[in-house]
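If you read the sequences in order, they're chains A and B. Residues 1 to 305 in UniProt numbering are what the first sequence lists, from first letter to last. Residues 1 to 635 in UniProt numbering are what the second sequence lists, from first letter to last.
If you're looking for bench data, these hints aren't it; they were derived computationally from the structure. Watch out, some of these pointers could steer you wrong.
[As the list claims (entries may be wrong)] Simulated DEER-style distance windows between Cβ atoms:
| # | chain 1 | residue 1 | chain 2 | residue 2 | range |
| --- | --- | --- | --- | --- | --- |
| 1 | B | Phe-256 | A | His-179 | 31 to 37 Å |
| 2 | A | Pro-180 | B | Lys-449 | 40 to 46 Å |
| 3 | B | Ala-406 | A | Lys-81 | 36 to 42 Å |
| 4 | A | Thr-267 | B | Ser-421 | 49 to 55 Å |
| 5 | B | Ala-14 | A | Ala-100 | 39 to 45 Å |
| 6 | B | Glu-13 | A | Leu-90 | 49 to 55 Å |
| 7 | B | Asp-407 | A | Lys-81 | 47 to 53 Å |
| 8 | B | Ala-406 | A | Glu-31 | 34 to 40 Å |
| 9 | A | Pro-207 | B | Phe-187 | 52 to 58 Å |
| 10 | B | Gly-271 | A | Thr-267 | 19 to 25 Å |
| 11 | B | Lys-449 | A | Glu-31 | 27 to 33 Å |
[To be verified] Only pairs whose alpha carbons sit at most 25 Å apart, straight line, appear in this in silico SDA-like list of lysine to any residue:
| # | chain 1 | residue 1 | chain 2 | residue 2 |
| --- | --- | --- | --- | --- |
| 12 | A | Lys-52 | B | Tyr-598 |
| 13 | B | Lys-103 | A | Ala-17 |
| 14 | B | Lys-22 | A | Leu-9 |
| 15 | A | Lys-178 | B | Pro-597 |
| 16 | A | Lys-52 | B | Arg-284 |
| 17 | A | Lys-178 | B | Asn-253 |
| 18 | A | Lys-178 | B | Gly-557 |
| 19 | A | Lys-178 | B | Leu-295 |
| 20 | A | Lys-178 | B | Leu-386 |
| 21 | A | Lys-52 | B | Leu-386 |
| 22 | A | Lys-58 | B | Asp-255 |
| 23 | B | Lys-22 | A | Lys-178 |
| 24 | A | Lys-52 | B | Asn-253 |
| 25 | A | Lys-178 | B | Tyr-598 |
| 26 | A | Lys-178 | B | Asp-294 |
| 27 | A | Lys-52 | B | Trp-218 |
| 28 | B | Lys-103 | A | Lys-58 |
The structure presented is a predicted model; accordingly, all values stated were derived computationally and were not measured. Built from N, CA and C at the ideal position, the CB exists for glycine as well.
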Amino acid sequence: MPLITPARLTHLQRLEAESIHIMREVAAECENPVMLYSIGKDSAVMLHLAAKAFYPSKPPFPLLHVDTTWKFKAMYELRDKIAQQLGFDLLVHKNPEAEARGINPFDHGSALHTDLWKTEGLKQALAKYGFDAAFGGARRDEEKSRAKERVFSFRSAEQRWDPKNQRPELWKLYNTRKHPGESLRVFPISNWTELDVWQYIHLENIPIVPLYFSAPRPVVERDGALIMVDDERFRLRDGEEPQIKSVRFRTLGCYPLTGAVESTASTLPEIIQEMLLTTTSERQGRVIDHDQSASMEKKKQEGYF
Amino acid sequence: MAHQSALIAEDIEAYLEAHQNKSLLRFITCGSVDDGKSTLIGRLLYDSKMIFEDQMAALEADSKRVGTQGGAIDFALLVDGLAAEREQGITIDVAYRFFSTDKRKFIVADTPGHEQYTRNMVTGASTADAAVILIDARKGVLTQTRRHSYLVSLLGIRNVVLAVNKMDLVGWDQATFDAIVADYRAFAEKIGLSVFTPIPISGLGGDNIAVKSEHTAWFDGPILMDWLESVEVEDSLQAQPFRMPVQWVNRPNLDFRGFSGQLASGVVKPGDRVKVLPSGRESRVSRIVTLPGDLDQAVAGQSVTITLADEVDVSRGDVLVAADSPCAVAGQFEATLVWMDDEPLPPGRSYLLKIGARLVGASVTEIKHRVNVNTLEHTAAKRLELNEIAHVNISLDQAIPFEAYADNRDLGGFILIDRISNRTVGAGLLNFALRRADNIHWQHTDVSKASRAALKSQRGRVVWLTGLSGAGKSTIANLVEKRLHALGRHTYLLDGDNVRHGLNKDLGFTEEDRVENIRRVAEVAKLMVDAGLIVLTAFISPFRAERQLAREILADGEFVEVFVDTPLAVAESRDVKGLYKKARSGQLKNFTGIDSPYEAPEAAELVIDTTKVDPVAAAEQIVAWLEGEEISYEI
Numbered sequence: 001m002p003l004i005t006p007a008r009l010t011h012l013q014r015l016e017a018e019s020i021h022i023m024r025e026v027a028a029e030c031e032n033p034v035m036l037y038s039i040g041k042d043s044a045v046m047l048h049l050a051a052k053a054f055y056p057s058k059p060p061f062p063l064l065h066v067d068t069t070w071k072f073k074a075m076y077e078l079r080d081k082i083a084q085q086l087g088f089d090l091l092v093h094k095n096p097e098a099e100a101r102g103i104n105p106f107d108h109g110s111a112l113h114t115d116l117w118k119t120e121g122l123k124q125a126l127a128k129y130g131f132d133a134a135f136g137g138a139r140r141d142e143e144k145s146r147a148k149e150r151v152f153s154f155r156s157a158e159q160r161w162d163p164k165n166q167r168p169e170l171w172k173l174y175n176t177r178k179h180p181g182e183s184l185r186v187f188p189i190s191n192w193t194e195l196d197v198w199q200y201i202h203l204e205n206i207p208i209v210p211l212y213f214s215a216p217r218p219v220v221e222r223d224g225a226l227i228m229v230d231d232e233r234f235r236l237r238d239g240e241e242p243q244i245k246s247v248r249f250r251t252l253g254c255y256p257l258t259g260a261v262e263s264t265a266s267t268l269p270e271i272i273q274e275m276l277l278t279t280t281s282e283r284q285g286r287v288i289d290h291d292q293s294a295s296m297e298k299k300k301q302e303g304y305f
Numbered sequence: 001m002a003h004q005s006a007l008i009a010e011d012i013e014a015y016l017e018a019h020q021n022k023s024l025l026r027f028i029t030c031g032s033v034d035d036g037k038s039t040l041i042g043r044l045l046y047d048s049k050m051i052f053e054d055q056m057a058a059l060e061a062d063s064k065r066v067g068t069q070g071g072a073i074d075f076a077l078l079v080d081g082l083a084a085e086r087e088q089g090i091t092i093d094v095a096y097r098f099f100s101t102d103k104r105k106f107i108v109a110d111t112p113g114h115e116q117y118t119r120n121m122v123t124g125a126s127t128a129d130a131a132v133i134l135i136d137a138r139k140g141v142l143t144q145t146r147r148h149s150y151l152v153s154l155l156g157i158r159n160v161v162l163a164v165n166k167m168d169l170v171g172w173d174q175a176t177f178d179a180i181v182a183d184y185r186a187f188a189e190k191i192g193l194s195v196f197t198p199i200p201i202s203g204l205g206g207d208n209i210a211v212k213s214e215h216t217a218w219f220d221g222p223i224l225m226d227w228l229e230s231v232e233v234e235d236s237l238q239a240q241p242f243r244m245p246v247q248w249v250n251r252p253n254l255d256f257r258g259f260s261g262q263l264a265s266g267v268v269k270p271g272d273r274v275k276v277l278p279s280g281r282e283s284r285v286s287r288i289v290t291l292p293g294d295l296d297q298a299v300a301g302q303s304v305t306i307t308l309a310d311e312v313d314v315s316r317g318d319v320l321v322a323a324d325s326p327c328a329v330a331g332q333f334e335a336t337l338v339w340m341d342d343e344p345l346p347p348g349r350s351y352l353l354k355i356g357a358r359l360v361g362a363s364v365t366e367i368k369h370r371v372n373v374n375t376l377e378h379t380a381a382k383r384l385e386l387n388e389i390a391h392v393n394i395s396l397d398q399a400i401p402f403e404a405y406a407d408n409r410d411l412g413g414f415i416l417i418d419r420i421s422n423r424t425v426g427a428g429l430l431n432f433a434l435r436r437a438d439n440i441h442w443q444h445t446d447v448s449k450a451s452r453a454a455l456k457s458q459r460g461r462v463v464w465l466t467g468l469s470g471a472g473k474s475t476i477a478n479l480v481e482k483r484l485h486a487l488g489r490h491t492y493l494l495d496g497d498n499v500r501h502g503l504n505k506d507l508g509f510t511e512e513d514r515v516e517n518i519r520r521v522a523e524v525a526k527l528m529v530d531a532g533l534i535v536l537t538a539f540i541s542p543f544r545a546e547r548q549l550a551r552e553i554l555a556d557g558e559f560v561e562v563f564v565d566t567p568l569a570v571a572e573s574r575d576v577k578g579l580y581k582k583a584r585s586g587q588l589k590n591f592t593g594i595d596s597p598y599e600a601p602e603a604a605e606l607v608i609d610t611t612k613v614d615p616v617a618a619a620e621q622i623v624a625w626l627e628g629e630e631i632s633y634e635i
């Protein structure tokens with residue numbers, strides 16, 4: 001053996017290698033995988049990792065965007081551009097029932113809106129295309145109930161998640177065997193933290209939606225959150241007047257349900273700096289989490305990620 | 001996430017530069033239910049400033065509502081995740097937590113201390129570089145402490161802290177601490193954990209966790225956070241010879257053929273000679289492909305795509321190794337097995353075994369002894385129950401490249417998967433190959449299965465009759481054989497009762513023995529098919545897994561499953577041999593249908609409903625089906 005200087009892998013290199021390993025296992029063992037694409041920063045990292053995992057091949061699975069029709073305009077623009085650039089097939093699913101009933105966050109509230117567009121929409125899309133494995137960008141550090149989620153999360157034929165009936169995961173050995181109708185949700189960036197994701201985006205120059213960067217934007221203050229008036233569908237309440245403020249978003253979802261933060265951070269290092277010095281957790285910007293204690297866990301059992 | 005580093009506010013670019021190069025430490029915490037594990041982890045998160053104001057506010061509210069600290073902050077609530085667990089007041093699964101300091105990023109596996117959850121602890125330990133074993137200073141070394149330490153040692157973790165917690169409750173007494181450490185050392189040496197770092201702490205007060213306690217002037221060792229930040233885990237994997245299990249064959253077009261995988265050990269460079277195992281073919285590394293560019297070298301832990309200079313056959317599951325120091329290839333092993341399923345392991349049953357990127361058939365041929373995880377005593381065992389650990393002999397249906405687990409986790413750790421339920425039922429560690437595998441080779445014969453069958457103008461196959469005792473299997477099989485014989489077919493009938501007089505006379509009727517009974521019959525049937533015969537078998541063969549095994553050891557189309565379907569009431573009313581009567585009266589144990597289950601086939605080639613057709617018609621039905629198949633085969 002030649003003498004070599006041990007090249008110590010950094011924590012980001014180890015995380016990257018682990019995520020790539022997970023993606024390849026799915027590509028090798030599952031028949032019809034798909035990558036869920038939410039257009040957020042975590043999705044951006046997932047796409048980048050998938051491109052790396054299979055290069056020079058194109059990733060051997062399509063992207064699926066479960067569209068609620070209420071995302072920010074800037075998100076739709078990035079979605080269409082990126083999918084094409086990286087050579088992914090992009091599938092967009094909109095729940096026809098929610099579309100027919102005109103479900104929206106203003107008339108129907110965040111819970112019903114999310115349930116029909118997102119949870120039901122996702123189930124419909126998975127059934128429609130017969131996907132047996134779906135990659136998601138969830139991380140264990142996001143929320144307490146996710147800390148116990150497996151990397152390979154097993155879903156029954158009814159797409160339910162049973163916390164008591166998950167397979168033990170040892171070493172790097174993932175059991176992908178399943179019966180017809182059963183499926184897997186796979187989370188390749190389980191072990192990444194929010195800081196890891198931002199650092200990686202910075203290091204690898206990964207394109208993200210400009211909404212993460214601060215800019216003057218029209219917002220109204222509602223129930224303690226700053227909501228951006230992104231299009232003409234926004235319903236102003238009596239006395240509400242959009243104001244131009246320098247804001248950015250720490251997470252992205254449906255624009256009427258996503259709170260902005262006042263900020264001047266307009267570069268990635270500034271965003272990371274702001275995040276490190278900030279004192280409130282990431283998901284606070286999302287209205288759906290406030291519904292009730294342990295709400296994410298309930299949603300997960302019903303099929304939401 | 002108010003990191004304290006002043007650099008963040010002053011020079012974020014410099015901070016990022018420094019933090020890009022942080023290393024990663026994965027560790028587990030283990031302790032008994034009330035040792036204060038969750039409190040310790042909550043404390044580590046709190047002390048490394050990983051708790052946000054809104055989480056802190058929720059924590060304060062929760063502490064008042066359900067806390068166990070009389071309204072004071074209950075750090076355990078930070079990490080007790082699932083609602084059901086929170087209500088029960090215990091953690092019941094493996095949870096992963098994240099925090100980082102200026103030196104390292106940490107991933108903590110929080111594993112439960114309950115007796116029935118060995119499974120979870122082994123899971124958490126499988127990916128850990130280090131372990132923190134908690135002891136309650138008031139209780140000292142407990143049975144659970146010994147169990148956790150044994151598992152830590154078994155899974156190959158060599159960096160261990162013994163955290164003696166709740167020191168405040170024993171008045172920070174040095175003598176108490178020293179006595180516990182001495183007691184622990186005596187045990188630890190027996191299991192090969194001779195090196196460990198004892199630290200007196202209080203999770204509640206944060207003593208000796210992130211800051212040195214003012215109560216322990218007598219203690220001159222490291223505090224916990226310092227130990228975690230500095231413990232050397234850069235193991236020797238890079239210094240070992242190159243190994244990479246191939247996960248995926250990367251073939252975007254006819255001009256590129258690469259092999260994607262994560263290096264399990266060593267270093268590889270373009271130009272290196274490598275061997276493909278198990279085939280043994282050799283080639284040279286041509287490129288190490290990654291995005292955005294090719295690498296000059298790849299090291300253990302990296303995920304890459306390798307191209308070879310020659311067109312050699314490489315598939316998923318093969319292992320690329322350094323040509324001058326390849327690893328061994330074997331199909332039979334001594335292994336340590338941790339059973340993880342509610343349904344016990346009977347030796348002989350065939351499971352799927354996943355190791356590296358390879359999935360093979362495997363069965364435990366012998367349980368050598370069970371290890372009592374509390375006392376380390378070895379005891380004899382016929383089966384293995386949930387959370388039990390044993391040394392076993394395991395036999396695979398093909399030879400695989402491997403390393404002993406102690407040398408390489410990736411090439412020596414495996415899981416067992418149930419073929420029917422698909423559950424992960426066991427985890428194992430390969431210890432060494434059994435020699436007998438090396439000495440028995442497949443003897444190549446010039447006259448083949450096909451040529452033997454051709455001489456008889458037929459196709460060898462097994463007609464496998466399964467059903468309850470008294471369903472009519474033997475009667476029908478006998479009639480089928482007579483008809484086939486009259487048609488000029490070469491046949492043999494393997495009857496359940498007859499086989500038990502000779503070949504299987506050492507076997508009883510326990511689940512383990514039934515599994516072995518059917519395994520032997522399947523192997524005998526396979527030899528006869530190899531000889532070109534049409535084999536009829538008439539066995540209850542109650543378990544799906546064994547019939548599946550028989551199907552899998554034969555070639556496609558050679559196994560014809562015939563379900564002789566007779567309701568239990570009908571079979572019992574016939575009771576030709578008087579066995580049901582004996583079973584009902586308790587004279588006969590483990591009788592199928594009475595006190596032992598019968599698992600009906602889900603996709604049999606033929607189903608005979610004996611309440612509708614008599615044995616003669618049933619035999620005709622089978623013969624017609626076989627001859628129909630034979631004609632289409634001959635055409």
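Verification of the supplied hints:
1. Phe-256(B) - His-179(A): 31 to 37 Å: Holds: the Cβ-Cβ distance is about 36 Å, inside 31 to 37 Å.
2. Pro-180(A) - Lys-449(B): 40 to 46 Å: violated, 33 Å
3. Ala-406(B) - Lys-81(A): 36 to 42 Å: violated, 51 Å
4. Thr-267(A) - Ser-421(B): 49 to 55 Å: holds, 52 Å
5. Ala-14(B) - Ala-100(A): 39 to 45 Å: violated, 55 Å
6. Glu-13(B) - Leu-90(A): 49 to 55 Å: Check failed, 35 Å falls outside 49 to 55 Å.
7. Asp-407(B) - Lys-81(A): 47 to 53 Å: The hinted range 47 to 53 Å holds for Asp-407(B) and Lys-81(A), with Cβ atoms some 48 Å apart.
8. Ala-406(B) - Glu-31(A): 34 to 40 Å: 36 Å Cβ-Cβ, so the 34 to 40 Å window holds.
9. Pro-207(A) - Phe-187(B): 52 to 58 Å: holds, 56 Å
10. Gly-271(B) - Thr-267(A): 19 to 25 Å: At roughly 42 Å between Cβ atoms, Thr-267(A) and Gly-271(B) fall outside 19 to 25 Å, so the hint is violated.
11. Lys-449(B) - Glu-31(A): 27 to 33 Å: holds, 32 Å
12. Lys-52(A) - Tyr-598(B): violated, 50 Å
13. Lys-103(B) - Ala-17(A): OK: Lys-103(B) and Ala-17(A) at ~21 Å, within 25 Å.
14. Lys-22(B) - Leu-9(A): This hinted pair holds, its Cα atoms lying about 9 Å apart.
15. Lys-178(A) - Pro-597(B): Within the cut-off at roughly 24 Å; holds.
16. Lys-52(A) - Arg-284(B): Status holds; Cα separation ~24 Å.
17. Lys-178(A) - Asn-253(B): violated, 31 Å
18. Lys-178(A) - Gly-557(B): At roughly 24 Å apart (the allowed maximum being 25 Å), Gly-557(B) and Lys-178(A) satisfy the hint.
19. Lys-178(A) - Leu-295(B): violated, 37 Å
20. Lys-178(A) - Leu-386(B): holds, 22 Å
21. Lys-52(A) - Leu-386(B): violated, 40 Å
22. Lys-58(A) - Asp-255(B): holds, 15 Å
23. Lys-22(B) - Lys-178(A): The given pair, whose Cα atoms are some 38 Å apart, is violated under the 25 Å limit.
24. Lys-52(A) - Asn-253(B): Satisfied, since the Cα-Cα distance of roughly 17 Å is no more than 25 Å.
25. Lys-178(A) - Tyr-598(B): holds, 23 Å
26. Lys-178(A) - Asp-294(B): violated, 37 Å
27. Lys-52(A) - Trp-218(B): Given that 25 Å is the threshold and the Cα spacing comes to 53 Å, the pair is violated.
28. Lys-103(B) - Lys-58(A): Cα-Cα ~37 Å, so violated.
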